[in-house]
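Q: Okay, here's what each chain looks like letter by letter:
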Amino acid sequence: MGKTMMPAAAVRRAWLIPTLILLAAGLAVLSLATGQVPLSVGRVLTVLGGRGDAVAATIVLDLRLPRTLLALGVGAILGLSGAVMQGYLRNPLAEPSVLGTSNAGALGAVIALYYGLDFAGGATLPLLSVAGAVAGLVPLMLIAGRTAGPLALILAGVAVSALAGAGISLALNFAPNPFAAVEIMTWLMGSLEDRSFRHVAIAAPCLFVGAVLLAWDGRALDALSLGEDAARTLGVDLPAMRARMLAGLAIGIGGAVAVSGAIGFVGLIVPHLVRPLTDRAPSSALLPSALGGAVLLTAADLLVRVVPTEQELRLGVVTAVLGVPVFLHHLLKERRGW
Amino acid sequence: MVTIAMTDLSVRLAGRTVLDGVTATVPPGALVGVVGPNGAGKSTLARAVAGLLPPSAGSVRIDGRDVGAVPAGDRARTIAYLPQGQILEWPLSVARLVALGRLPYLTAAARIAPADAQAIERALATADVADLRDRVATELSGGERARVLLARALAVEAPVLIVDEPLAALDPGHQLHVMAMLEGLARGGATVLVVLHDLGMAQRFCARLLMLDAGRLVADGPPEMVLTAERLAAVYGVRAWVGVVDGRRTVVPVARI
Numbered sequence: 001m002g003k004t005m006m007p008a009a010a011v012r013r014a015w016l017i018p019t020l021i022l023l024a025a026g027l028a029v030l031s032l033a034t035g036q037v038p039l040s041v042g043r044v045l046t047v048l049g050g051r052g053d054a055v056a057a058t059i060v061l062d063l064r065l066p067r068t069l070l071a072l073g074v075g076a077i078l079g080l081s082g083a084v085m086q087g088y089l090r091n092p093l094a095e096p097s098v099l100g101t102s103n104a105g106a107l108g109a110v111i112a113l114y115y116g117l118d119f120a121g122g123a124t125l126p127l128l129s130v131a132g133a134v135a136g137l138v139p140l141m142l143i144a145g146r147t148a149g150p151l152a153l154i155l156a157g158v159a160v161s162a163l164a165g166a167g168i169s170l171a172l173n174f175a176p177n178p179f180a181a182v183e184i185m186t187w188l189m190g191s192l193e194d195r196s197f198r199h200v201a202i203a204a205p206c207l208f209v210g211a212v213l214l215a216w217d218g219r220a221l222d223a224l225s226l227g228e229d230a231a232r233t234l235g236v237d238l239p240a241m242r243a244r245m246l247a248g249l250a251i252g253i254g255g256a257v258a259v260s261g262a263i264g265f266v267g268l269i270v271p272h273l274v275r276p277l278t279d280r281a282p283s284s285a286l287l288p289s290a291l292g293g294a295v296l297l298t299a300a301d302l303l304v305r306v307v308p309t310e311q312e313l314r315l316g317v318v319t320a321v322l323g324v325p326v327f328l329h330h331l332l333k334e335r336r337g338w
Numbered sequence: 001m002v003t004i005a006m007t008d009l010s011v012r013l014a015g016r017t018v019l020d021g022v023t024a025t026v027p028p029g030a031l032v033g034v035v036g037p038n039g040a041g042k043s044t045l046a047r048a049v050a051g052l053l054p055p056s057a058g059s060v061r062i063d064g065r066d067v068g069a070v071p072a073g074d075r076a077r078t079i080a081y082l083p084q085g086q087i088l089e090w091p092l093s094v095a096r097l098v099a100l101g102r103l104p105y106l107t108a109a110a111r112i113a114p115a116d117a118q119a120i121e122r123a124l125a126t127a128d129v130a131d132l133r134d135r136v137a138t139e140l141s142g143g144e145r146a147r148v149l150l151a152r153a154l155a156v157e158a159p160v161l162i163v164d165e166p167l168a169a170l171d172p173g174h175q176l177h178v179m180a181m182l183e184g185l186a187r188g189g190a191t192v193l194v195v196l197h198d199l200g201m202a203q204r205f206c207a208r209l210l211m212l213d214a215g216r217l218v219a220d221g222p223p224e225m226v227l228t229a230e231r232l233a234a235v236y237g238v239r240a241w242v243g244v245v246d247g248r249r250t251v252v253p254v255a256r257i
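Same order as they appear, the protein sequences are chains G and W. So in this note's numbering, spot 146 of the first sequence is number 146, and the numbers just go up one at a time. So in this note's numbering, spot 56 of the second sequence is number 56, and the numbers just go up one at a time.
If we strip away everything but chain W, and leave its shape as in the complex, we get (with noise of 0.2 Å):
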C-alpha cells in the first residue's frame, strides 16, 4: 500500500508554469481521477507523480521519499505508467508487448521467469485480452490496442498505477470494463490515478477527483462536489446536465455557454 503526496507541486515546460502549487493526496484504496480541460496540466500531473517531470517547486513523495530519489529500478518496480496515445513502434506480438512490463524484474541476462509469465497471464486476462496473445498489436484496432498497452501496465503489477487518458478510442462496453478493472484496482489496495476527460465515467467510478483548471487545483474531493453544474460551467464553459439515472448520479455536458 503506497500513498502519493503531492505537495505545492509546480512543474515549469518550455519556461511556462504548466502545474501550480497543487497539494493533494492519493491514498490506496480508492480510484482517484484528474479531471480539467485541454491544457490544465493533467497529463502533466500524470508525468511529475510517474516521475518524468522533476517540479520546479514542491514535491510529489511516495510513502514520503521525493519520486526523484528513488532509485530507477525501484520505481520502475513502484509506479506503472500508461502515457497517452497509444504509442507502440515496432509490430511486436501481444504477449511478447506485454511481456515489456517484466522488465524492472529482470537482470541484464535474464529471461523471463515463471512469475514473470503468471503476471503477464494475469494482466492479460484482466485487460480482457488473452485471446489477442498471438496478434500482432499494430494490427489491432483502436480499442483493442488501448487495451494491450493497459495490460502492459498492468504486468508491472506495481503498488502505484498512473494512467492517461485510457478511455480514448474504446467503445461504451470496453469503457464500462476499463473503469471498473481500475477501480477493482484500487478496491484492491493499489493507488490508482486515472487522468480521463469522460465526466460521466469519472462521476460514475472515481471515489474522489481532482479538477485542474490552467495548472491549479480548483476541486478536490468526491464527484458530487466537484462536478457541480456551477463548477462545470466556469471551468469547462459548458451548460451541464446533472441528474440521476438508474439511482446514480450523472453528468451529461450539454451545450457551450
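Isolated chain G (complex conformation) (with noise of 0.2 Å):
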C-alpha cells in the first residue's frame, strides 16, 4: 500500500461483511434448529432447500422462522441505527435504547395494545410506537442542537428513556390485564417468543423504510466528523438529512420495538465492535453495524433459549450483560475528554 493507494479505498478489511454474513446466516440456522423439540441442523437445512417432512417444515416454517427473521431485522436496524446515531451526535454512546427512542416506541406500543386502540387497522400498532419514537427524539435533537457537550445529551436520553420506562409501567398498571408484571417486563427487556408472521408483516415494512432512510446520508456522517458548519460547506443539507434521519429512526426504530419490545444496548455495542475493523469514517461502519447488529441479536436469542431457567430470559437482559460494559468503558474514556 504505497503513496499511490485511493485513501477512501480501504474502508474496511476485506472479511469483515462476507465474515458478518456468513455468522448471520449460521446463527439463523442454528436458531431454526433451537427450540422445545431439538431439529439437527440438517433437517433444518433440507425444509429450508424445499423439501423436508411436514412436521418439521410446520415447525421451522411456520412456527420458528418468524422469530429467526425478526431477530435478524430487529438487530440490524437497531445495529444501523446506533451507527447512525453515533455519527450524527458525534457521540459513541449513542444509541436508540441509551436515548430512550426505544422506550419511547414500546411506550407506543404498549398503550395501542393493551388499550385496544384501533383507528388505523393492523397500522394501528406500528403507527403509534413510530409516534412513541418521534416523542422521544424530538427533545434530544432540540438538546443536540443547542449544546455541544456530549454528556448533557446522554443525561437527556437517560432522562426520555427513564419517563417512557415509567409510562410503560404505569400504563400496564392501569391497562386492565392480569400479567402486567410479566408484560412490563417483556417491553422493557425486549422478547421475541412466540412471534408470529404477522408479526414480521407489521415490522417488516418499517424495517425496511427505516433502513433505507438511515443509510442514506453515510457521506453526510462523514462530513459531519469536522462539525457542522465544515458539513455544510462540503454540501450536506443538514436541515433535510436530519429529517430523513429522524424519520428513519422513528420508523425504524418504531417498528422494531412493536415487535420486540426495548432491547437495549445492541446499537451501542455492535458499533463499538465493528469500528476498528473500519477506517472509523461513521459511514464505514453502517453496513457492518446492521450486520453485527443482526447477528449479535439472534446470537443473544439464540441464549435465552437454551440457558436452562423455568421462564424463558428476557433479551435485554443478555443484550444489557454485554453492553453495559461497553458503555462504561466508553463513559471512562469520556472523562479523559473523548
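Just so you know, these hints were derived from the structure itself, not from any lab. Because the structure is a prediction, the values reported are computed rather than measured. Yeah, the Cβ is synthetic: ideal placement off N, Cα and C, and Gly gets one too. Hints may be right or wrong, so weigh each one.
To be clear about the criterion: a stretch of chain W counts as covered by chain G if any three or more of its residues have a C-beta under 8 Å from a C-beta of chain G, and this derived list gives those stretches [claimed, not checked]: (1) 43-56; (2) 83-91; (3) 207-214.
With the C-beta cut set under 7 Å, the calculated list includes, among others, these residues of chain G facing chain W [to be verified]: (4) S225; (5) L226; (6) D229; (7) T233.
Take the two lone chains, each set in its own frame, and fit them into one complex as the hints suggest.
A: Okay, here's the thing in C-alpha cells:
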C-alpha cells in the first residue's frame, strides 16, 4: 500500500462483511434448529431447501422462522440506528435504547395494544410505536442543536428513557391486564418469544423503510466529523438530512419495538465492535453495524432459549450484560476528553 | 477566478447585530486578511461569506450571484471553508480526513476517483503533511492537526478559500509556512480570505486588510494604511510599535493603553 493508494478505498477489512453474513446465516440456521423440539441442522437445511417432512416444515417455517427473521431484522435496525445516531451526534454513547427512543416507541406500542386502540387497522400498532419514537427523539434533537457537550445529550436520553419506561409500567398497571408484571418485563427488556408472521408483516415494512432512510446519508455523516459548519460547506443539506434521519429512526425503531419491545445496547455494542475493523469514518460502520446487529441479536435470542431457566430470559438481559461494560468503558474514556 | 462582494452586509445572531453594514470586495489574486479584536465579528463575516449565515440585511455575492441562492453542490465546489477550533470528531487517518474535502465532487455511490486522489495528494503536499498520511489525526499535535485540517480545505481545490484563524496552535515556523502558502494560493488566482489575530503576520503577508470593530468595517486597505499606531490604539486599545525590520514594515503590540 504505497502512496498511490486511494485514501477512501480501504474503508474496511475485506473479510468483515462476508464474515458477518456467514455468521448471521449460521446463527439463523442454529436458531431454527433450537426450541422445545430439537431439530438437527441437517433437517432444518432440508426444510429450507423446500423438501423435508411435514412436521419439521411446520416447526421450522411456521413456528420458528418468524422469530428468526425478526431477530435478524430487529438486530439489523438496532445496529444501524446506533451507528447513525453515533455518527450524527458525534457521540460514541448514542444509540436508541440509551437515548430512550426504544422505550418511547415501546410506550406507543403498549398504549396501542393494551387499550385496544384501533384507528388504522393493522397499522395502528406500528403507527403509535413510530409516534412514540418521534416523541422520544424530538427533545434530544433540540438539546443536540443547543449544546456542544456530549454528556448533556446522554443525560437527556437517560431522562427520556426513564420517563418512557415509567410510562410503560404505568400504562400496563392501569390496563385491564392480569399479567401486567410479566408484560412490563417483556416491553422493557424485549422478547421475541412466540412471534408469528403477523409480527413479521407489521415490522418488515417499517424496518425496510427505516433502513433505507438511515443508510441514505453516510457521506453526510462523514462530513459531520468536521463539525456542522464544515459539513455544510461541503454541500451537506443538514435540515434535509436531519429530517431523513429522524424519520428513519422513528420508523425503523418504532417498527422494531412494536414487535420486540425495547432491547437495550445492541446499537451501542455493535458499532463499537466493528469500528476498529473499519477506517473509523461513520459511513464505513453502517453496513457492518447492521449485519453485526443481526448477528448479535440472533445470538442473544439463541442464548435465551438455551440457558435453562424456568421462564425464558428476556433478550434485554443478555444484551445489557454485554452492553453495560461497553457503556462504562466509553464513559470512562469520555472523562479523558473523547 | 471568483470575486466576493459584500454589500451593506449585516448579520443578527440571537437578536444582536454582530455584523453591521459591511461593504467590501475580495478579489482574486491577492491575500485579504480580516483583523479586529475579539467579538468584532470576524468569524461571523467569514461564516456569512461562506453562506453559513443568512444576512439580516445586505448581501454577499459570489461573482454576482447571491451566495444563498447558489445551489449547495455548486457552492461546496466554489467555496472551501476552514472553521476555527480544529473540530475533528472521530479518530480518522490523515488521508481519510483530507479525502473528506472531495465530498462535493462525489455522487452518492461513487468512490474516490484518480482525479480526487491527485487533489488529495496535492493538498497533503501543500500543507506539508504528506508524511503524516497514515497517522490518526486525533493523535497528532495541535500544530500538525491544524495543518491537516487546512489540507482538508485545500483538497476541495475551490476557487474561494475562507480560513478562520489558521495560525492558532502553530509554532512560528509553521505560521510563516501557512501564511506563505495562503499568499501563494492567492497569487495563483484564488480568492483567499483569512481571519487573523496576529497583526505581525497580517502586516507581513496580506495584500489588503479589512479591520472590524464592534461589527463595523473601520478600515479597508493595504496593511500600512490599516495597521497604524493610532488605529490600533483606538480599536484594540493597545500601544503598538511600528517600524522596519529586515527592510519590512513590522507591527508589534507593546502594551495595553
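Q: Are at least 3 residues of the segment 43-56 of chain W within less than 8 Å of chain G when you compare beta carbons?
A: holds (count 4)
Q: When the nearest CB of chain W is found for S225 of chain G, is that gap smaller than 7 Å?
A: holds, 5 Å
Q: Given D229 of chain G as an interface hint, is the shortest Cβ-Cβ distance to chain W below 7 Å?
A: holds, 5 Å
Q: Was the hint right that T233 of chain G lines chain W, CB cutoff 7 Å?
A: holds, 4 Å
Q: Can the hint on L226 of chain G be confirmed by a CB-to-CB distance to chain W that is less than 7 Å?
A: With a minimum Cβ separation of about 6 Å from chain W (threshold 7 Å), the hint on L226 of chain G holds.
Q: Please check whether the segment 83-91 of chain W has three or more residues whose CB lies within less than 8 Å of a CB on chain G.
A: holds (count 7)
Q: How about the segment 207-214 of chain W: do at least three of its residues have a C-beta closer than 8 Å to a C-beta of chain G?
A: violated (count 0)
The earlier numbered hint that this structure contradicts is number 3, and it is the only one.
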